[in-house]
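**Student:** What follows is each chain in one-letter form.
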Amino acid sequence: MIPALGEVALWIALPISIWGCVLAFLGGRWSRGDLVLSGERSTFAVTALLSIAALGVVVAFMGDQFQYWYVYNYSSTNLHPYYKFSGLWAGQRGSLLFWGLNLSLFSSLALWMNRSRNRDLMPYVNGVLLAFLAFFISISLFVTPPFEQLGFTPTDGRGLNPQLQNYWMTIHPPTMYLGFTSFTVPFAFAMSALMVGRLDARWIQATRKWILTSWFFLSLAVIFGMRWAYEELGWGGYWFWDPVENASLLPWLVATAFLHSVMIQESTGMLKVWNMGLVVLTFLMTIFATFLTRSGLIESVHSFAQNLTIAWIFLGCLGVTGGVALVLIIWRLPLLSSDRQFESMLSRESAFLLNNLVLLGVAFAVTWGTLFPLITEGLTGSKVSVGPPFFNQVNIPIGLILLALMGIGPVIAWRRASPRNLRRNFLFPCAVFLGILTILFSVGVRHFYALLTFSLGAFVLTVIVVEFWKGTRARARIEEENSFTAFVHLIRRNRRRWGGYIVHVGVVIMFMGFAGTAYDREVRQSMVPGETLTIQSPFGYEYALTYQGLSTTLVPSMRQAIALFTVQKDGVDIGSITTERQLVLAVNPPQPISQVGVRSTLVEDLYLILATVDDAVLLGSNDPQFQRATFQVLVNPLVPWIWYGGLILATGALIGLWPGAGAPTRSARMGSRGGASTGTGAPGVGPNGEASSTDLSTSVSATVG
Amino acid sequence: MGRDRRFFAGLVGVAAVVTYLIYTGVSDTMVYYLTPSELLARAAASPETMEQGVKVSGMLVPGSHVHSTEELLHTFAVEDPNDASVLLNVEFRHPLPDTFDDSGELEVEVVMQGRYLAGGVFQATEVLTKCGSRYEAMPEPPQPANAEAGDGGMIG
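Heads up: the protein sequence lines correspond to chains A and B, in order. With the first letter of the first sequence counted as 1, position 577 gets the number 577 in our numbering; the numbers rise by one all the way through. With the first letter of the second sequence counted as 1, position 68 gets the number 1068 in our numbering; the numbers rise by one all the way through.
Keep in mind the hints are simulated off the structure, nothing from the lab. We put the CB at the ideal spot given by N, CA and C, even for glycine. Among the clues, some could well be false.
Said to hold, decoys possible - Cut-off 20 angstroms, straight-line C-alpha distance, at most; resulting in silico cross-link-like pairs (SDA-like, lysine to any residue): (1) A:K383 <-> B:H1067; (2) A:K569 <-> A:L602; (3) A:K383 <-> B:V1127.
Claimed, not checked - Footprint (simulated), chain A over chain B, 3 or more residues, beta carbon under 8 angstroms: (4) 1025-1032; (5) 1068-1074.
The following block holds chain A by itself, in its conformation from the complex (with noise of 0.2 angstroms):
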């Protein structure tokens, strides 16, 4: 009942959405409100019927209508209630009405913010907003029904791929549409102002908060992603450059490189056509990433089916989209010249520049190695292909530089830096790295990029623990606060600002972390019960594990084989630790699956792998005979501390977001256009009383500039 009444919905959802959009255009071309008003009341109708029609789907999975094509395939009556909730999502079918939801869940939040707010944008931010719904809806209809039915009713469905059985993964997917979809917002409203000509501050005020939302879901989809890959898939590692995996890094790395030049924007007036286009592109990484994924064109791990209609559609969508944004950004270049020239090279404006440059570098290196095996094929007709060497053999040396910039592009005066800005901002900081450095180099540490890693990181660490500590003593002093309430009332009185350096803080951890990589140790080895096999630790100690033997297990939905090993770390015990290998039986065909034992401890992970078992063992045997099974074990140093780095960064971005008195008032952004900004468009020396010394030192050589 409620699954054909979803049905209907999304019927009546296209047409409201098509003549909503005509409406909000038409309204905004002739100012007409009654129109407007009608236009966005439709999307807040479409957002009802899409709510309706994922409800639909939702329904249709809990009560096991497998009469659904995608029930049937993604469900199964013994599937936990969880998962099939989770099966809205799953599959291509219902992700891309998930998709639509979201999108019309973000779009009317837009329009509510901005209900007597840049009423002149909204009229076309609706519209464009609307057109991609009716785009969304209308895939959802014609080439990816999730309503379709077989025409009888089969008994039970196919059941869930197991691999999907993972908590991550149940919230990977959400979490990359939620980034994905958020980001229309602004690229809404950058061809609103393009549209209307209101090439000013404005369109980026309303959109930075939504351009972090969106860069903060899209960060926290990449590492759940990671997080899933070294839980499930069982090879211990957590990215391996697979296509789709590239595809969600590279909007990110583009939102990343607008959220650094937006502030110069913000503070200099310029980079304006730049910083358009960087909205345009990273909205366009968002449907070229759908468009690698879904449409199966290019070899993946992510086994969506090929399917040439969505390849093609997607593609449409960003040739279409991406040449009316090419014609409007032509259209209005008299309206996006800059305000102000670049004065120096040694100034933060440049460090910034040198960061988006990087991460576009980056973004494009990483397209090149995805498309490679295409390009070639259309090019000279043979198949040359590119794997992980490539993208760390590029990538490594271009992440070194942008970490040096982390350190750098925070506390260089903005226009041209004086050598005593530089003096006093970087000697210390340089010391820590080179004596790291040394430090390191003379315990051993020959890995010449893990090295470089460590120390630029302690370097960049440095720079934002002196930061918060200068910030922090500056408030105590003048607030005459304790260090305490000091420290957390610098945060909360700029929260862009200090949320930043924490997500930097995040990502340095988590690139020492992927350095960790460089000293993975690996044993593979044949046991039977009794054997101990022993691993080195990078850390030095030696971990020995004892293999006591394999039970089996079967309950109805599958078999169980699993390897009980006792841990020894330099002869001490510390514990046991399991591996499994299963044989699921509720999906059709059956499908076995590794169950990793890992044990963490806060510097690295010691990873066992139960790689081969007698078949006899999943049948059902515990015959001693068969006992015997091989194993891979691994020490992967430092894997914990992308985790905790993940956590961080994402703390530092929701710090940024936090509603409220974090972001500078409107007047304190007039003032930083003088040129005595801190950073991020918040003043030095402003209403909030925060005047740490870096911020006055900033200004005056900013002024003597």
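Using the hints provided, position chain B relative to the given structure of chain A.
**Tutor:** Chain B only, in chain A's frame:
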């Protein structure tokens, strides 16, 4: 346009570095992506190419997968997607991906990176499986009468 000159200098500088990195990256790491037929033809025509790293994609031959618990070694065969008579034997010494399924119930495409050895065996260092059909498609063939009867039986 003086202001733009520095901007473009930076742009060109970074572009040059990135281009250089991509160029060297590609030339150092690129591998030919071949079908089993192409690989065998290439090895026959120019034996010196044999030990070069290549990427090969083929269809997994049902029932060909053999593994041992004496050592971590998987052997299996893939056939050319366009010519089922061309077989390539593969050795792999790491854990296989979970979706590796030679039961024959699914069409499994295997993408491997590795070297074709003189002995006529492909030694894979990486194995990826693609089988979209595991996740989707194949709406159940309608079996109205039997299915209904089965249903009734269950309920009864």
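**Student:** Would you mind marking each hint as holding or not holding in the structure?
**Tutor:** Hints and how they fare:
1. Using a Cα cut-off of 20 angstroms, the hinted pair K383 (chain A) and H1067 (chain B) is violated, with the two alpha carbons roughly 31 angstroms apart.
2. Using a Cα cut-off of 20 angstroms, the hinted pair K569 (chain A) and L602 (chain A) holds, with the two alpha carbons roughly 15 angstroms apart.
3. Taken as a hint, the K383 (chain A) and V1127 (chain B) pair is honoured in the structure, with Cα atoms around 18 angstroms apart against an allowance of 20 angstroms.
4. Using a Cβ-Cβ cut-off of 8 angstroms, 7 residues of the segment 1025-1032 of chain B lie near chain A, which meets the minimum of three, so the contact claim holds.
5. Here the segment 1068-1074 of chain B counts 6 residues with a CB under 8 angstroms from a CB of chain A, which clears the bar of 3, and the coverage holds.
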